[in-house]
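Could you build all of it, start to finish, from the sequences and the hints given here?
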Amino acid sequence: MIETQHLNVQPALKRPDDFYNALVDMHRDLSEEQSQLANAKLILLLANHIGDEATLEEALKIATEGLN
Amino acid sequence: MLQSHQNPVYEFVHSSDQDAPTPVHHPVIIVGAGPVGMAAGLDAAKQGIAALILDDNNTVSIGSRAVCYAKRALEVLDRLGCGQRMVDKGITWNLGKVFFRDDQVYSFNLLPEADHERPAFINLQQYYLEEYMVDQINQQETVELRWKSRVTQVEEKANHVQIQVETPEGEYTLTCDYLLVGDGANSGIRKMMGLESSGQVFQDRFLIADVVMETDFPPERWFWFDPPFHKGGSTLLHRQADNVWRIDFQLGWDADPEEEKKPENVIPRLKAMLGEETEFELEWTSVYTFQCRRMEKFRHGRLLFIGDAAHQVSPFGARGANSGIQDTDNLLWKVKLVLDGKAPDTLLDSYDEERVYAADENLLNSTRSTDFITPKSPVSNTFRNATLLLAEEYPFARTLVNSGRLSLPSVYHSSSLNTADEDEFDSNMVPGTPSTDAPVNESDWFLRVIGNNRFNGLFFAEQDGTISEANRNLLTTLANSDDIAINILIVGLTADQTLPNGMVRLADNKGLLTERFDGKPGTFYLFRPDQHIAARWRALDQQKIAAALNRATGRS
Ligand SMILES: Cc1cc2nc3c(=O)[nH]c(=O)nc-3n(C[C@H](O)[C@H](O)[C@H](O)COP(=O)(O)OP(=O)(O)OC[C@H]3O[C@@H](n4cnc5c(N)ncnc54)[C@H](O)[C@@H]3O)c2cc1C
Numbered sequence: 001m002i003e004t005q006h007l008n009v010q011p012a013l014k015r016p017d018d019f020y021n022a023l024v025d026m027h028r029d030l031s032e033e034q035s036q037l038a039n040a041k042l043i044l045l046l047a048n049h050i051g052d053e054a055t056l057e058e059a060l061k062i063a064t065e066g067l068n
Numbered sequence: 001m002l003q004s005h006q007n008p009v010y011e012f013v014h015s016s017d018q019d020a021p022t023p024v025h026h027p028v029i030i031v032g033a034g035p036v037g038m039a040a041g042l043d044a045a046k047q048g049i050a051a052l053i054l055d056d057n058n059t060v061s062i063g064s065r066a067v068c069y070a071k072r073a074l075e076v077l078d079r080l081g082c083g084q085r086m087v088d089k090g091i092t093w094n095l096g097k098v099f100f101r102d103d104q105v106y107s108f109n110l111l112p113e114a115d116h117e118r119p120a121f122i123n124l125q126q127y128y129l130e131e132y133m134v135d136q137i138n139q140q141e142t143v144e145l146r147w148k149s150r151v152t153q154v155e156e157k158a159n160h161v162q163i164q165v166e167t168p169e170g171e172y173t174l175t176c177d178y179l180l181v182g183d184g185a186n187s188g189i190r191k192m193m194g195l196e197s198s199g200q201v202f203q204d205r206f207l208i209a210d211v212v213m214e215t216d217f218p219p220e221r222w223f224w225f226d227p228p229f230h231k232g233g234s235t236l237l238h239r240q241a242d243n244v245w246r247i248d249f250q251l252g253w254d255a256d257p258e259e260e261k262k263p264e265n266v267i268p269r270l271k272a273m274l275g276e277e278t279e280f281e282l283e284w285t286s287v288y289t290f291q292c293r294r295m296e297k298f299r300h301g302r303l304l305f306i307g308d309a310a311h312q313v314s315p316f317g318a319r320g321a322n323s324g325i326q327d328t329d330n331l332l333w334k335v336k337l338v339l340d341g342k343a344p345d346t347l348l349d350s351y352d353e354e355r356v357y358a359a360d361e362n363l364l365n366s367t368r369s370t371d372f373i374t375p376k377s378p379v380s381n382t383f384r385n386a387t388l389l390l391a392e393e394y395p396f397a398r399t400l401v402n403s404g405r406l407s408l409p410s411v412y413h414s415s416s417l418n419t420a421d422e423d424e425f426d427s428n429m430v431p432g433t434p435s436t437d438a439p440v441n442e443s444d445w446f447l448r449v450i451g452n453n454r455f456n457g458l459f460f461a462e463q464d465g466t467i468s469e470a471n472r473n474l475l476t477t478l479a480n481s482d483d484i485a486i487n488i489l490i491v492g493l494t495a496d497q498t499l500p501n502g503m504v505r506l507a508d509n510k511g512l513l514t515e516r517f518d519g520k521p522g523t524f525y526l527f528r529p530d531q532h533i534a535a536r537w538r539a540l541d542q543q544k545i546a547a548a549l550n551r552a553t554g555r556s
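Read top to bottom, the protein sequences are chains A and B.
The UniProt record's numbering applies: residue 1 is where the first sequence begins, and numbers increase by one.
The UniProt record's numbering applies: residue 1 is where the second sequence begins, and numbers increase by one.
Don't read these hints as lab results, they were simulated from the structure.
It should be emphasised that the depicted structure is a prediction, and the values quoted were computed from it without experimental measurement.
Glycine is no exception: its CB is placed at the ideal position from the N, C-alpha and C atoms.
Be aware that one or more of the hints could be misleading.
[What the hints assert, rightly or not] Short derived list, chain B residues pointing at chain A, Cβ under 7 angstroms:
#	residue
1	Y10
2	T382
3	A386
[What the hints assert, rightly or not] Subject to a maximum C-alpha distance of 35 angstroms in a straight line, what follows is the list of computed DSBU-like cross-link-like pairs (lysine-lysine):
#	chain 1	residue 1	chain 2	residue 2
4	B	K231	B	K261
5	B	K191	B	K231
6	B	K376	A	K41
7	B	K97	B	K342
8	B	K510	A	K41
9	B	K297	B	K191
10	B	K297	B	K342
11	B	K97	B	K510
12	B	K148	B	K231
13	A	K41	A	K61
14	B	K520	B	K544
15	A	K41	B	K231
16	B	K297	A	K61
17	B	K376	B	K231
18	A	K61	B	K520
[Stated by the list, open to error] Far from chain B, by Cβ distances over 10 angstroms, these chain A residues were calculated:
#	residue
19	Q5
20	V9
21	D17
22	Y20
23	A40
24	K41
25	L44
26	E53
27	K61
28	E65
29	N68
Encoded structure:
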């Protein structure tokens, strides 16, 4: 596990089930390629909203933790 | 193919050096008369060093290679005497447009801050730059350019370098104190010396077509990602002088270069792009691949590598010739001080330090642009397309679109020649920065004034337009030193005040010089001969200035 200083890894969503459902739902009528594109757009939008490089770096690290 | 430009042919001329019984010695010999070798020669002339340039060819660049010259390169070329011709002949542009598939995604304006002499960029064929440099060299007494003279051997001796030169009339030997190696990206001398330039080769090919056409397209930079007329690739359109337009098509790695550059294959691509009805003539085509790489060290004893021989970047972001010209801007004043015995030979190590740093910055920028333009994996392609799709409507994404970043000069932030700030300034002119420009006097420019190949000192007088007796004496001492005299410029001195001996009054009528340097009364800036800031203070202190000068010349 990676210790974070900037990224909030404690629960923050008020209705987690709703969000999770919306996320999966976003892809419902999309082809594999469109899904990839939608995910990429989502990441770019959220990253810009967060706007803090240190926070994003922690998220990038956690995202690949244990994958290689 | 049509020729809007005839390459001049420069004759081989017999030199008395060929007949000398023992090898003739030159303080500085430069290998290669590309833009960077010639910039070195012209800079040597400005510094007062006798220099010899040797080139194996007899003409300027065949076909236009470099197109874009950035503000800083133009400022250096001004100092070397070629800037005005470049700007007069070149195309000044500010507006860039980016397209993705069928749509314009956004446009950007490089709109430089007002009140600088030179624009952000001009476009001009490389052969013009080189011709202007040759003309300028021919006007100099202390620099000589010998055509059809190929350097075939280089040997470093204890206190000089010996080289072998091959000419149509046979071989001869020369010696020099320093050999400046500007023999281009495939540097034969680099290989001869067993040195390497390493980095990344991009698995992609680009087709360049220079076409002549009369059109009412505006002088803007248009960049297409995946356009309808060239699916899957990118395309760039840029205007050069004489109605010549540069068009660049990304072809992919599997393209056959010999096939692709045949007019019968190029013309249909151009028609698809420009429209059937647009009339144009092909002037030059070539297919190129590119690399981003550099030598580990730019200095090897008495050999100093400059330009593409030392570092090579992809063309995106226009950093090849632009950064090469900054190499020699950095190097020649140092060579002068060392040859004159005013600085130790180790000052030349700072060339390596500062320009390797700059090369890394350029390599990073050009690699990133290349990665965006030609994504290397499906996922990076997805992110690239996602960015472009968002950029059309959402401003944040525009900052992520990278079709080549403006080539800006490096700030040598951590150079060992800098004296760190100890005072507070509300100005980004920190030590290591190339000086900003500002209008001064009657229609003159600050960078012209300090383009005198010397150390300069800029002093801001007291609020009431005077200088104290002590400061007057101190500045007089600096200006008249028989070690390294500093050319002193004084801003804000009222007309009734006499000017101390050996100093120059500067009128800052618009107040911009004072504003850009945060020139509160008593402020003093020390500039190196390449116009980079060495140190600055809020008050004059002779010992501190002497120490900063020693530092900036590698004496401490
Ligand atoms: C398609 C393309 C587009 C580009 N666009 C830009 C741009 O927009 N802006 C920009 O700044 N840069 C651009 N560049 C890069 C630019 O062209 C080079 O960075 C620049 O020419 C390098 O100059 P140089 O003097 O170091 O080397 P070169 O121009 O390669 O000159 C080297 C010279 O050395 C001579 N020589 C070689 N070996 C010997 C020898 N043994 N003895 C004597 N002479 C020798 C050669 O004949 C040649 O004249 C572009 C390049 C390409 C290919």
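Hint numbers the structure violates, sorted upward?
-> Per hint list: 1, 5, 7, 8, 12, 18, 23, 24 and 25 violated.
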